[in-house]
Amino acid sequence: GEDVEQSLFLSVREGDSSVINCTYTDSSSTYLYWYKQEPGAGLQLLTYIFSNMDMKQDQRLTVLLNKKDKHLSLRIADTQTGDSAIYFCADQNRDDKIIFGKGTRLHILP
Amino acid sequence: NAGVTQTPKFRVLKTGQSMTLLCAQDMNHEYMYWYRQDPGMGLRLIHYSVGEGTTAKGEVPDGYNVSRLKKQNFLLGLESAAPSQTSVYFCASSFRQGGGETQYFGPGTRLLVL
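Chains B and U, in that order, are what the protein sequence lines are. Per our numbering, residue 1 is the first one in the first sequence, and the count goes up by one each step. Per our numbering, residue 1 is the first one in the second sequence, and the count goes up by one each step.
Just so you know, these hints were derived from the structure itself, not from any lab. Glycine residues also receive a C-beta, built at the ideal position from the N, C-alpha and C atoms. Hints may be right or wrong, so weigh each one.
Footprint (simulated), chain U over chain B, 3 or more residues, beta carbon under 8 Å [said to hold, decoys possible]:
#1 40-52
#2 82-96
#3 99-110
Here are the simulated SDA-like pairs of lysine to any residue, each with C-alpha atoms no more than 20 Å apart in a straight line [as the list claims (entries may be wrong)]:
#4 B:Lys68 <-> B:Gly82
#5 B:Lys67 <-> U:Gly99
#6 B:Lys102 <-> U:Gly99
#7 B:Lys36 <-> U:Glu101
#8 B:Lys36 <-> U:Gln85
#9 B:Lys102 <-> U:Gly77
Make a model of the complete structure from these sequences and hints.
Have a look at this one:
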């Protein structure tokens, strides 16, 4: 079946850039999403990219999509303590089914 | 708008007890979902609904039932709770626009089954 994989943990120094990676197996992806989950809260949509795009930038966030390698990344520039959270990658396929990855916990070092 | 709300926020059950988790949304969304989140497992879809009066099974439906009698509410029932159902339960609602789908999540219900 379709799968979305992420590393479980990432540690970054405050002020540096964070890059969170995701791979997926679905060849019929239409949209790919990044959600953020802060402690004790539900998920919130951060950004998304349409499958025919290769890059999307939104303030400190840059999403890169390599469709050939089925690889998605989220870059957070100038990482702040408020960016500490779990980040979920999600894939929407042609049947509009959405599959979430297991989430990457981003830890910010002072 | 309150968005997506979940009741209760926290509950402790004994094995074999039953309970109902309530999800309510005030955004007039057609789609609603119930997920469970467990350490190292990410989000797993339990049941979902594409409209009032309809429900469908997700990835891990066993031991749960759902109902969507009103568009704004999606109920998740546990008929006979088991320790394996200890988890954090999230409800989400969504709309589809231009092909994409944005899911709005509630704050979660933490359930402990002893």
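Hint by hint, here is what the structure shows:
Requiring three or more residues with a Cβ within less than 8 Å of a Cβ of chain U, the coverage given for the region 40-52 of chain B holds, as 8 such residues are present. Note: the region 82-96 of chain B has 3 residues with beta-carbon separation from chain U under 8 Å; the three-residue rule is met and the coverage holds. Counting residues of the region 99-110 of chain B whose CB falls under 8 Å from any CB of chain U gives 4; the rule of at least 3 is met. Distance check on the hinted pair: B:Lys68 and B:Gly82 sit about 33 Å apart at the alpha-carbon level, beyond 20 Å; violated.
The hinted pair formed by B:Lys67 and U:Gly99 meets the criterion: a straight-line CA distance of about 18 Å does not exceed 20 Å. Restraint check for B:Lys102 and U:Gly99: not satisfied, since their Cα atoms lie roughly 24 Å apart, outside the 20 Å limit. Under the criterion of a C-alpha separation no larger than 20 Å, the hint pairing B:Lys36 with U:Glu101 is consistent with the structure, at around 16 Å. Using a Cα cut-off of 20 Å, the hinted pair B:Lys36 and U:Gln85 is violated, with the two alpha carbons roughly 24 Å apart.
At most 20 Å may separate the alpha-carbon atoms for a hinted pair to count; B:Lys102 and U:Gly77 exceed this at roughly 25 Å.
Hint violations for this structure: numbers 4, 6, 8 and 9, all remaining hints satisfied.
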